[in-house]
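S.K.: Chains as they are written, first to last, in this note's numbering: chain L, 97 to 403; chain R, 43 to 330.
Each hint should be verified, as a subset may be incorrect.
What the hints assert, rightly or not - Restricting the straight-line Cα-Cα distance to at most 20 Å, the calculated cross-link-like pairs of lysine to aspartate or glutamate (DMTMM-like) are:
no., chain 1, residue 1, chain 2, residue 2
1, L, LYS234, R, GLU146
2, R, LYS279, L, ASP188
3, L, LYS189, R, ASP243
What the hints assert, rightly or not - Covered by chain R, according to a simulated footprint, are these stretches of chain L (three or more residues, beta-carbon under 8 Å):
no., segment
4, 179-193
5, 198-204
6, 260-271
What the hints assert, rightly or not - Pulled a few chain R residues facing chain L out of the computed Cβ check, cut under 10 Å:
no., residue
7, ARG116
8, ARG118
9, MET190
10, GLN191
11, PHE272
12, GLU275
Note that these hints are calculated values from the structure, not bench results. Remember, predicted model here, so these are calculated numbers, not experimental data. Positions of the beta carbon are idealized from the N, C-alpha and C atoms, including for glycine.
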Amino acid sequence: MMNTAVIEVENLTKRYGDVEALRGVSFSVSEGEVFGLLGPNGAGKTSTVEILEGLRTPDSGRASVCGLDPQRSGAEFKHVIGAALQSTALPDKMRVREALDLFGSFYPRRRGTAELLKRFGLEEKRNAFYSQLSGGQKQRLALAMALVNDPRVLFLDEPTAGLDPQVRREIYDIIEELKKGKKTILLTTHYIEEAERLCDRVAIVDHGKVIALGTPRELKERSGAVTRITVRMARPETNGALGTLEGVTECRTEAADYLLYSTRVPRTIVALVKRLEEQNNELISLEIAAPSLEDIFLELTGRRLRD
Amino acid sequence: MSRMRLAMRNRAFLFFSLIMPLSFLFIYAGIFGRGNRQAMPYLLAEVLALTVMGSFWGLSVQLVTFREQGILRRFRVAPVGAGAMLASSIISNYILTIPTVVIEFYLSRQVFHMSSMGNLVGVFVLVTLGIATFATLGLVIASVTNTMQETQIINQIIWFAFLFLSGVTVPLPVLPKLVQKVSYFLPATYLVSGLQQSMVDHVSLSDLGLDLASMLGCTVIAFLVSTQLFRWEPEAKAPRRAKLWAAAAVIPFLLLGAWENKHEHVLTHALSDYQSIDRPSSPTMPAR
């Protein structure tokens with residue numbers, strides 16, 4: 097899966113007046129990977145993406161997409177990327193079908209309008225004006241338009257922002273399907289759920305910097321955030337013995353339950369099972385509450401991600 | 043082009059490009075013409091000029107709307123250049139304005155029994171070049187203003203100058219001497235004069251060489267300026283030097299205006315064409 101880098105970003109900085117939007121952002125995205133930029137509003141996600149789309153110029157640093165410089169390459173660059181922008185619109189009186197036809201006409205290689213309408217569930221709305229579409233329909237059209245040239249790299253800036261949970265899940269299904277199609281996707285989000293569900297790797301961005309980077313699982317493992325293991329056994333354990341198990345930082349009792357706080361869950365479980373065997377004890381129930389990316393964000397920044 | 047279909051669905055566009063010119067046709071022909079077939083070529087020339095000048099409003103407002111709503115930035119991600127965006131808007135505007143011109147000719151002939159059709163080739167060239175000139179001037183306004191409000195205010199000011207100082211409503215010979223001197227610097231004055239001469243005097247295009255050259259020069263400069271100053275992003279502000287650049291677009295008409303201030307050819311023609319209406323009872327007869 098990890099072959100050549102399709103997107104490379106090195107030490108990007110960008111300042112708007114007094115605001116330092118980016119303070120040295122670096123990462124790279126491999127072919128076929130879904131990479132997420134996760135962070136609160138104003139963290140610098142959109143600035144980063146818009147530099148990669150060629151819409152903004154960084155103050156310093158380097159960005160490349162498919163080996164091309166987004167700021168200097170012309171049509172060649174535009175042909176390999178597709179984008180769903182965060183703040184954009186179409187003319188109110190443009191019909192769905194017309195939008196796909198028009199944008200398709202800009203590219204030498206294009207997907208058919210009928211196919212896109214079908215794939216994005218817009219067939220019924222094909223003749224509707226842009227102004228008549230709901231938020232979810234507009235977003236589906238934006239995704240369809242981003243794919244009109246069958247791009248190698250797809251930029252999705254907050255693809256589900258402002259949508260209700262039901263519609264958000266529809267968009268997830270679409271993105272998951274794109275993922276199966278081996279597209280390289282860079283998406284930004286401030287929804288934890290979205291990053292965990294869709295992304296192969298995630299960069300957590302805050303105040304213009306990448307503060308953590310890895311697969312959602314790596315991030316959780318690497319973080320100091322502890323996992324809570326709740327155990328109930330047939331016979332009570334000798335007090336304190338569980339606290340000495342590998343990886344356990346703290347042990348508490350709560351009614352009949354033992355709460356083990358562990359930084360290395362697999363090891364703790366193995367040790368626990370061994371101990372139970374030695375003691376000829378039996379396990380009645382076991383519950384693992386892993387830390388979410390939300391916990392990690394909280395741990396790294398001291399703040400919560402908010403909608 | 044889907045630009046055209048958009049324009050058709052835009053009420054403001056329909057107003058400026060169809061309803062306004064046609065209502066002027068009926069007002070002019072009905073009130074001033076009073077069934078005078080000899081007066082029709084002169085009156086139609088004014089209506090044609092108004093139709094052409096409508097491009098000025100349409101394009102600036104459309105471009106600023108597209109920029110403010112973030113529509114342009116979506117095009118920017120696609121392989122579309124500023125020049126193509128601007129050219130397509132001018133061309134679609136042109137194709138949509140031509141039917142209005144044809145309708146105006148048809149009505150003048152059929153309803154108002156216009157005595158002659160004028161120099162049709164000359165009219166066609168003037169209308170074509172005129173639309174290009176006024177459309178690009180509109181684009182220049184769009185590229186130096188930052189908000190729709192600014193655009194509307196500047197458009198209003200310039201539009202009033204075009205409307206009242208160019209001879210399209212108040213005939214040039216009727217205007218005070220001092221105002222005439224200002225009129226000589228307005229592109230609209232030469233459009234009106236050229237159309238009047240083509241309609242009334244059947245002058246050939248070569249007699250309008252200077253006027254046509256100024257319009258062409260203005261179009262080319264205005265187009266280049268607006269591609270250079272083109273802004274895709276809603277929050278991008280026009281740099282201060284932009285206003286200087288924009289001023290470059292009017293250079294051809296500054297030169298022509300200076301020349302006309304000496305020779306007053308436009309005035310001479312305007313006077314003779316105006317007299318073609320030949321109605322002593324006219325309430326707006328030149329005071330001579």
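S.K.: Does each hint fit the structure? Answer for all of them.
M.R.: Checked hints:
1. L:LYS234 x R:GLU146: At roughly 41 Å apart (the allowed maximum being 20 Å), GLU146 (chain R) and LYS234 (chain L) break the hint.
2. R:LYS279 x L:ASP188: It is violated: about 24 Å lies between the C-alpha atoms, which goes past 20 Å.
3. L:LYS189 x R:ASP243: Outside the cut-off at roughly 44 Å; violated.
4. 179-193: holds (count 9)
5. 198-204: It holds: at least three residues are needed, and the segment 198-204 of chain L offers 4 whose Cβ sits within less than 8 Å of chain R.
6. 260-271: violated (count 0)
7. ARG116: 4 Å, holds
8. ARG118: 6 Å, holds
9. MET190: Since chain L brings no Cβ nearer than about 15 Å to MET190 (chain R), farther than 10 Å, the hint is violated.
10. GLN191: Hint on GLN191 (chain R): violated, closest Cβ of chain L at ~19 Å, above 10 Å.
11. PHE272: 14 Å, violated
12. GLU275: 7 Å, holds
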